[in-house]
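A.B. asks: Residue numbers (this note's numbering), protein chains in the order written: chain A, 35 to 528; chain D, 42 to 515; chain B, 14 to 108.
Hints may contain errors.
Just a few of them, taken from the derived set where beta-carbon distance is under 8 Å, the chain D residues facing chain B [unchecked claim]:
id	residue
1	Gly233
2	Gly367
3	Tyr401
4	Ala471
Simulated from the structure, these hints should not be mistaken for laboratory data.
All C-beta atoms, glycine included, are put in the ideal place defined by N, C-alpha and C.
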Amino acid sequence: MNNLIQGQKHEWEMVIGLELHAQVKSNSKLFSSSSTKFGSLPNSQVSLVDAAMPGMLPVINKFCVKQAVKSGIGLNAKINNYSVFDRKNYFYADLPQGYQISQYKYPIVGEGTVTIDFKDGTSKNIRILRLHLEQDAGKSLHDQNPSKTYVDLNRSGVALMEIVSEPDIRSPEEAGMYISKIRSILMYLDTCDGNMQEGSLRADVNISVRKPGNEYGTRSEIKNLNSIKFIKQAINYEAKRQIDILESGGAITQNTMLFNTSTGKTRPMRNKEEAHDYRYFPDPDLLPLEISSKEVEEIKSSIPELPDQLKNKYMNTYNLSNYDASVLTTDKQISDFFDQTINSDLELKESAKIIVNWITSELFFLLNNDNVDISNSPVSPSNLGQLIKLINTNVISGKIAKEVLDEMYKTKSSPIQIVKKKGLKQMTDSSEIEAIIDNVLNENKTMVDQYLSGKDKLLGFFVGQAMKKTKGKANPKILNEILLTKLTKKNQSQ
Amino acid sequence: MKSKSLKETIKSLEAKKISIKELNDEYIKNIKEKNNLNIFIHFDEQKIIDQVNKLEIDNSNKKLKGIPIAIKDLFCTKDMPTTAASKILENFNPTYESFVTQNLLDDGAVFVGKTNCDEFAMGSANNTSYFGNTINPLSNDDEPLAPGGSSGGSAAAVAADLCLGATGTDTGGSIRQPASFCGVVGIKPTYGLCSRWGITAFASSLDQAGVFTNNVEDASILLESISGFDSRDSTSANVNIPNYSKNLNSDISGKTVGIPNEYSIEGTPEEISQIWEDAIKYIESKGAKIKKISLPHTKYALPTYYIIAPAEASSNLARYDGVKYGFRADEINSLDEMYENTRGKGFGKEVKRRILIGTYVLSAGYYDAYYLKAQKVRKLIANDFNDAFKDCDFIVTPTAPSAAFPLSASQDDPIKMYLNDIFTVPASLAGLPGISIPFGKDKNNLPLGIQILGKHFDEQQVFNAAYCLEKSYE
Amino acid sequence: MKIDKNTINKIARLSRIKLDSKESEDYIKDLNSILDWVEQLNEINTDNVEPLTNISSSVLPKRDDISEDIHSSEEILKNAPEKIEGFFSVPKVVE
Ligand SMILES: [Mg+2]
Ligand SMILES: [Zn+2]
Numbered sequence: 035m036n037n038l039i040q041g042q043k044h045e046w047e048m049v050i051g052l053e054l055h056a057q058v059k060s061n062s063k064l065f066s067s068s069s070t071k072f073g074s075l076p077n078s079q080v081s082l083v084d085a086a087m088p089g090m091l092p093v094i095n096k097f098c099v100k101q102a103v104k105s106g107i108g109l110n111a112k113i114n115n116y117s118v119f120d121r122k123n124y125f126y127a128d129l130p131q132g133y134q135i136s137q138y139k140y141p142i143v144g145e146g147t148v149t150i151d152f153k154d155g156t157s158k159n160i161r162i163l164r165l166h167l168e169q170d171a172g173k174s175l176h177d178q179n180p181s182k183t184y185v186d187l188n189r190s191g192v193a194l195m196e197i198v199s200e201p202d203i204r205s206p207e208e209a210g211m212y213i214s215k216i217r218s219i220l221m222y223l224d225t226c227d228g229n230m231q232e233g234s235l236r237a238d239v240n241i242s243v244r245k246p247g248n249e250y251g252t253r254s255e256i257k258n259l260n261s262i263k264f265i266k267q268a269i270n271y272e273a274k275r276q277i278d279i280l281e282s283g284g285a286i287t288q289n290t291m292l293f294n295t296s297t298g299k300t301r302p303m304r305n306k307e308e309a310h311d312y313r314y315f316p317d318p319d320l321l322p323l324e325i326s327s328k329e330v331e332e333i334k335s336s337i338p339e340l341p342d343q344l345k346n347k348y349m350n351t352y353n354l355s356n357y358d359a360s361v362l363t364t365d366k367q368i369s370d371f372f373d374q375t376i377n378s379d380l381e382l383k384e385s386a387k388i389i390v391n392w393i394t395s396e397l398f399f400l401l402n403n404d405n406v407d408i409s410n411s412p413v414s415p416s417n418l419g420q421l422i423k424l425i426n427t428n429v430i431s432g433k434i435a436k437e438v439l440d441e442m443y444k445t446k447s448s449p450i451q452i453v454k455k456k457g458l459k460q461m462t463d464s465s466e467i468e469a470i471i472d473n474v475l476n477e478n479k480t481m482v483d484q485y486l487s488g489k490d491k492l493l494g495f496f497v498g499q500a501m502k503k504t505k506g507k508a509n510p511k512i513l514n515e516i517l518l519t520k521l522t523k524k525n526q527s528q
Numbered sequence: 042m043k044s045k046s047l048k049e050t051i052k053s054l055e056a057k058k059i060s061i062k063e064l065n066d067e068y069i070k071n072i073k074e075k076n077n078l079n080i081f082i083h084f085d086e087q088k089i090i091d092q093v094n095k096l097e098i099d100n101s102n103k104k105l106k107g108i109p110i111a112i113k114d115l116f117c118t119k120d121m122p123t124t125a126a127s128k129i130l131e132n133f134n135p136t137y138e139s140f141v142t143q144n145l146l147d148d149g150a151v152f153v154g155k156t157n158c159d160e161f162a163m164g165s166a167n168n169t170s171y172f173g174n175t176i177n178p179l180s181n182d183d184e185p186l187a188p189g190g191s192s193g194g195s196a197a198a199v200a201a202d203l204c205l206g207a208t209g210t211d212t213g214g215s216i217r218q219p220a221s222f223c224g225v226v227g228i229k230p231t232y233g234l235c236s237r238w239g240i241t242a243f244a245s246s247l248d249q250a251g252v253f254t255n256n257v258e259d260a261s262i263l264l265e266s267i268s269g270f271d272s273r274d275s276t277s278a279n280v281n282i283p284n285y286s287k288n289l290n291s292d293i294s295g296k297t298v299g300i301p302n303e304y305s306i307e308g309t310p311e312e313i314s315q316i317w318e319d320a321i322k323y324i325e326s327k328g329a330k331i332k333k334i335s336l337p338h339t340k341y342a343l344p345t346y347y348i349i350a351p352a353e354a355s356s357n358l359a360r361y362d363g364v365k366y367g368f369r370a371d372e373i374n375s376l377d378e379m380y381e382n383t384r385g386k387g388f389g390k391e392v393k394r395r396i397l398i399g400t401y402v403l404s405a406g407y408y409d410a411y412y413l414k415a416q417k418v419r420k421l422i423a424n425d426f427n428d429a430f431k432d433c434d435f436i437v438t439p440t441a442p443s444a445a446f447p448l449s450a451s452q453d454d455p456i457k458m459y460l461n462d463i464f465t466v467p468a469s470l471a472g473l474p475g476i477s478i479p480f481g482k483d484k485n486n487l488p489l490g491i492q493i494l495g496k497h498f499d500e501q502q503v504f505n506a507a508y509c510l511e512k513s514y515e
Numbered sequence: 014m015k016i017d018k019n020t021i022n023k024i025a026r027l028s029r030i031k032l033d034s035k036e037s038e039d040y041i042k043d044l045n046s047i048l049d050w051v052e053q054l055n056e057i058n059t060d061n062v063e064p065l066t067n068i069s070s071s072v073l074p075k076r077d078d079i080s081e082d083i084h085s086s087e088e089i090l091k092n093a094p095e096k097i098e099g100f101f102s103v104p105k106v107v108e
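With the hints as extra help, turn the sequences into a complete structure.
C.D. replies: Below, the structure written as structure tokens:
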């Protein structure tokens, strides 16, 4: 795929690497037993450890370690039997210890790969450099008071997995697909809830531009983005900004940037005049983390079906295209919905493609309008299955089916009830349809003559008139057949 | 009526020869009388009375019921402020009780107050305390002496008879050296024996709690109380704590005693070499075998320590930033100004010196040359001891290179000051248990100390050897 | 001399410690002599030596994933030099 972007003077290529921070799904924090619940009163979920009271010490959460290993397996990555927690030292108001416990030289998970699938059927591998466990910081609120910043430590100490990619990403779209894919994998594994709005998945974007084939350029880092839309916007803006600078003879300075979601622009962070020196060193309050290969195997055997496996299954079992199958597996909720739909009736087994179409176009359209998750869809999988069966058995036409779906969405009723109640059942009785067609042809004699003298396009007009008389309920296939037969007969008799 | 022995006092209390109230009243009186020694950062008579009143009506059997104990102000205590002898923790009132002090409370101890120490335990003369120097109770009137450090207040409290035992912490000698200066017994157990939970951290890989008492048996009783596994400290050792006091046995015949060549250091005062020799002879006379051993990396222990400890401290002390507790400077217009002024004014000279050196040795470009190098040498030092302990049961050395020196002679030259820890630091780096017991006097009649080091978690052997040696002067 | 004025300023800044000029002078002297002194470690060959980070020989203990909220926000904020509406508060930060 050609991702080059045109500047004033040259073509440029974006080089993008992502650092994702995924919140580990767990009851308690990484090194303390306070709750990880979102949205509680300020400083209400803070232990003495999270507030860095004197003499407080970290004790690691077993489950968070397991979650990281699981995630690593999901990213096809190497699980390291030996890893070390280091302190990353810096001062910030919402960093109570004055350091973040993270992993530096020896992360729990090493190199891996993630595959993204394009619409045209091609795929691309994005390499993962590492995944490590670390503590989240608290939250600073800058807008509550004209002269103060407020600090809430509820998030302080929550477990994060930092997932670092190689700079293999070449466009905002690829970045979006990469994040969706990671999100999907973590959600299938149940290691992260994937809720980007609540900050459970955040991205730092490293981006530079270069002329194709050249060395990597100087990059800037855009911090803390929490929606795919903003990530794409930020990348586009930042790439253009860099290209403008380079084309006018300037140089990029390595900067940490913030993205303003209302203006769509990036700007360098203030107070970053000095280079960071985090003085990483092994945390002397903790011992190295050792995981035996046996433990890793045990975790591996407990892992559910992952998006790529499921995708392959869909392609093999239902003959779906790579792209259709990957759309279904972007989200466990979607593939669950699909599975429930196709399994709701034995006769639907051959209808995978039509089910995919109905889910990803018509149903998504309705859900997106109201911002409803598919797991809360008013149209149940079995009702959608019934709707598709009605189409397959010619009880209703595809066009009527859209009407029925709207009604199902509004009322949660079953399609059979709606069809019955509204009398939408398709007219399949040939003699009935024949009578209507005769009627249409008699009422439009001049048009029939014109048709017979070669104006083929009028066929659509006759179909439309007949459909109108049946309120759209005539089986289009039967109607077409009868109409054509009649017109042919007329032609011969002429 | 009251005895200086914790063990004897427990017996007197049990036999109702003295009441908890009578006992503690006498200690309150002593503390008030010796106020000039500046031993306590926090002393509140009413709080002692409240504790005593509660214990008087408590019918349960508690090992240390009613025994007055002083707590180094590095231990967080729920009912008493905790400062670590620093301005930066002024007015800090913990909402929690450290593991060690909770154990003592559970055993019925009475806390008579929080003792003075070097700021964040950084010092060897108790002269870095924000609250002023503790004076060694053994000083004569015209020349006030240093009590040693950092746990100088606790050692002095026992020596001045202001309590029957005291807690201390030892990172590079901070229990053993002041014990020696004040003529009391001080033990630093194996790293991990006592949980660090609730102890204001100095250098996490070295910090270890311990106790001061008037004699070895009392130390064994008190150590039993404060030791034990704590799931809240990831470096806490999950080992059974032996009944040290019950197993106490002065018979060391058949044991092998290691005497490290490298501890004969040029410039050591003659008196120190003399008591060391005397101690060895005494032990030999009790049937132990003397064996010369070598700890080849001894001379590198101090420089190693003075890289590792400041490095850890620079990070451990980052939490004192004026946000969550303690001192915050005024006249601050930005977050950075708040940090810089708070920490600039809140920390004393020595603490700042160590934070700066620690920051430097961890910083980009210097980590390998200093910090990593020091960790490797630390490994060699630990290996020296592992090898030595293949051939001996315990090691005997002097505790400190001098007796208590005058306060006025407190070193401003950091390296000279650091040399105070020359005999204590190697065992700290190796995480070994070490005890200092008074043994002999110098020409000014000031006490000197002998240090006994044991294998990891072999506190019993350390106590037994000390118990034997103690009998030489009883 | 390893530590000059620039270096001391840099590490004081990293440590967030404000030094007056007298203190800076003193610390330049102290740190240089300490660094010279610790450099004797270079006499030892440590090529194949594993660094010792912690003396403990046991394995990292791990806790179960049980959440318990035992500390009220009042307790957490009790010693705060400045608190407003349940938050810690600091001088305004401009990012
Ligand atoms: Mg990062
Ligand atoms: Zn991170």
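A.B. asks: Against this structure, judge whether each hint is valid.
C.D. replies: Hints, verified against the model:
Here the hint on D/Gly233 is kept, as its CB sits about 5 Å from the closest CB of chain B, short of 8 Å. This hint holds: D/Gly367 has a C-beta 7 Å from the nearest C-beta of chain B, less than the 8 Å allowed. The interface hint given for D/Tyr401 holds, since its Cβ lies 5 Å from the closest Cβ of chain B, which is under the 8 Å cut-off. Restraint check, D/Ala471 versus chain B: the minimum CB separation of about 7 Å is within 8 Å; hint holds.
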